[in-house]
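Residue strings, one per chain:
Number of protein chains: 2
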Amino acid sequence: MSNRFCIIMAGGIGSRFWPLSKNNYPKQFLDVLGTGKSFIRSTFERFLPVVPAENFLVVTNAAYKDMVLEHLPELKPEQVLCEPMRRNTAPCIAYANYRIMSACPDASIVVTPADHLVTNEREFQRIISMGMDFVEEPAHREALLTIGIKPSRPETGYGYINVDADEKGDIKPVVAFKEKPNLETAKEYLAAGSYLWNAGIFVWSMEGIQKAYRSYLPDMVKLFDQGRSLFGTAKEQEFINEMFGQCENISIDYGVMERSQSRYTIPADFGWSDIGTWGSLFEHTAHDEHDNSVSGHAVLEGTQHTVVNIEAGYEAVVQGLDRYLVALRDKSLLVCRLEDEQEIKHWIEKL
Amino acid sequence: MSNRFCIIMAGGIGSRFWPLSKNNYPKQFLDVLGTGKSFIRSTFERFLPVVPAENFLVVTNAAYKDMVLEHLPELKPEQVLCEPMRRNTAPCIAYANYRIMSACPDASIVVTPADHLVTNEREFQRIISMGMDFVEEPAHREALLTIGIKPSRPETGYGYINVDADEKGDIKPVVAFKEKPNLETAKEYLAAGSYLWNAGIFVWSMEGIQKAYRSYLPDMVKLFDQGRSLFGTAKEQEFINEMFGQCENISIDYGVMERSQSRYTIPADFGWSDIGTWGSLFEHTAHDEHDNSVSGHAVLEGTQHTVVNIEAGYEAVVQGLDRYLVALRDKSLLVCRLEDEQEIKHWIEKL
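Keeping their order, the protein sequence lines are chains A and B. Per the numbering used here, residue 1 is the first one in the first sequence, and the count goes up by one each step. Per the numbering used here, residue 1 is the first one in the second sequence, and the count goes up by one each step.
Some clues are possibly wrong.
Copies of the same chain look alike in the list, so a pair counts if it works inside one copy or between any two.
As the list claims (entries may be wrong) - Simulated crosslink set (BS3-like; lysine-lysine; CA at most 25 Å straight-line):
#, residue 1, residue 2
1, K180, K211
2, K22, K331
3, K65, K211
4, K168, K150
5, K350, K37
6, K150, K178
7, K331, K350
It is worth saying that the hints were derived from the structure and are not from the lab. All figures in this text were calculated on a predicted structure; none of them were measured in a lab.
Produce the entire structure from the sequences given, and follow the hints as far as they go.
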């Protein structure tokens, strides 16, 4: 029996992909790239060569539990952990840790978002296996390891990891985590060669992550410890429902990684994107001869550099657009300039 | 009992208003102007002060019979005449004429499209009454009368009627019917003052129109005469279904009006449009402060001179458009430049 576990964080609602992603159908359940598989399905399959199916946990909102099981029929219902409310990634990961601890106190764990793209899955699996081997070595039981993506452009939409590039070997000590930079800073990062994109994928041993929580988030640990004997039992959900709202709303990055003294990164290059914007979707999909990315039954006339995403069962004629986004899903229509897509959240508030 | 009858021609499918109008829901049943009434309902009500409800006949496709009765519940089912196929306006009017003849051989008749806009209904009713009075005079029993609209712009989308402007009185002899002109010719027509828009509304006596059919469309008259005793009986529909396809596919304009020697026009000015295009719809609806015409639940951002028409139950965000058309109806979406809307037919053929 393997002691390698995978935590898939799947609680997001992804409003940036409105109207494709909505509260009732968030991004992780979509196949926006037209691969035939949803993001969560692809994420699951990507980790399956490294972690056995019975060692996956998906943390999500109760409202999405059935959807998770539909996309991942290999999982038993108890492998889907339900947050009663959104409380950011530190409580989410703590919950999964306590569940894993109840069955396997010496687990090694990889934590991943549910909705990213990886194009080179073999290389991805090599990197993740390398990371797990690393944290399983007695000398690195306290290591908190992140995956850092070698940047290909001065991207301002990602956080960066500054590593000690002089260190030999595949795994580098982290110097600092950096917020999303402005373009000038992003260009400096790219030129320096010692900055990596933070992919939000973490690898650690149970011993290491629990020690870090106890050091940096002791209040949260106290809350979870109160129900320690309940994890993996019929009383777990009730305990979580009552306790979860008391947890600090804080990310694993702020709550743990930025405070840790034992941080490492594997610089990696496996074709990664968080597909966090329509623009990134545009980059990662096939284009027609006029540089349009078209999904669904649509006729385009005099249109270029445009994303057209039409729900199955609908049809569309799109004419005379240049660098636009046209998306129809779930009885909602969006027509906007691609360059203005970061405003989507504000527009939908007005609806 | 009145011997004044009204024939409403309602067989069109109106593809120019795609996706609002489709085979299963053509323009005459829509309320594209947001008046609260469909075109066919407004047409019916517009004629009701001139013609009693029991003297209306609606000629349509069998597929639309129930829809007609839904929009015009005052009519009995037998007042809706069903064409088994589209055969243009001459056979359509002939069918209605024979039905009327079976009940009222000395009728006077007004024929109208089902899907036009009239803004001054009082003036409209005055003009139609004047026309019916005219064709009921013994001296004008053979007159074929059209309604001519005084042009307000050099419109290239309508046919024109050239009248003898020197003739005194409200009703002018017709010199010639003119095809849709190019812009240069349309400007000449407008400047000349003796050209009127052909509204496709006709007034005549039964005697006059039957004589004209016998003279100019004798083959069609022969076909209808074979079943003369069946009109108004239970056998009428079967006769029509078998015979109608043998009729020449020809308009009343080509088949009768252009050949007649007894043609008249009433120049009129009652606020008329055929609302044949999205552009004309744009002209006749209320605009917001950015000159947008919006129907349905939509948020517009940085958008101007644009028509947004969203089906009930849907929502839309429309951003960054200038002089576009965005229409969502019946699972079909259209986004196009308003100036290119005449191409709609070609685009939907590709779908």
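Okay, the hints, checked on the actual structure:
no.: 1; hint: K180 / K211; result: neither (28 Å within a copy, 84 Å between copies)
no.: 2; hint: K22 / K331; result: both (11 Å within a copy, 19 Å between copies)
no.: 3; hint: K65 / K211; result: neither (30 Å within a copy, 77 Å between copies)
no.: 4; hint: K168 / K150; result: within (16 Å within a copy, 88 Å between copies)
no.: 5; hint: K350 / K37; result: neither (32 Å within a copy, 29 Å between copies)
no.: 6; hint: K150 / K178; result: within (15 Å within a copy, 71 Å between copies)
no.: 7; hint: K331 / K350; result: both (16 Å within a copy, 24 Å between copies)
Hint violations for this structure: numbers 1, 3 and 5, all remaining hints satisfied.
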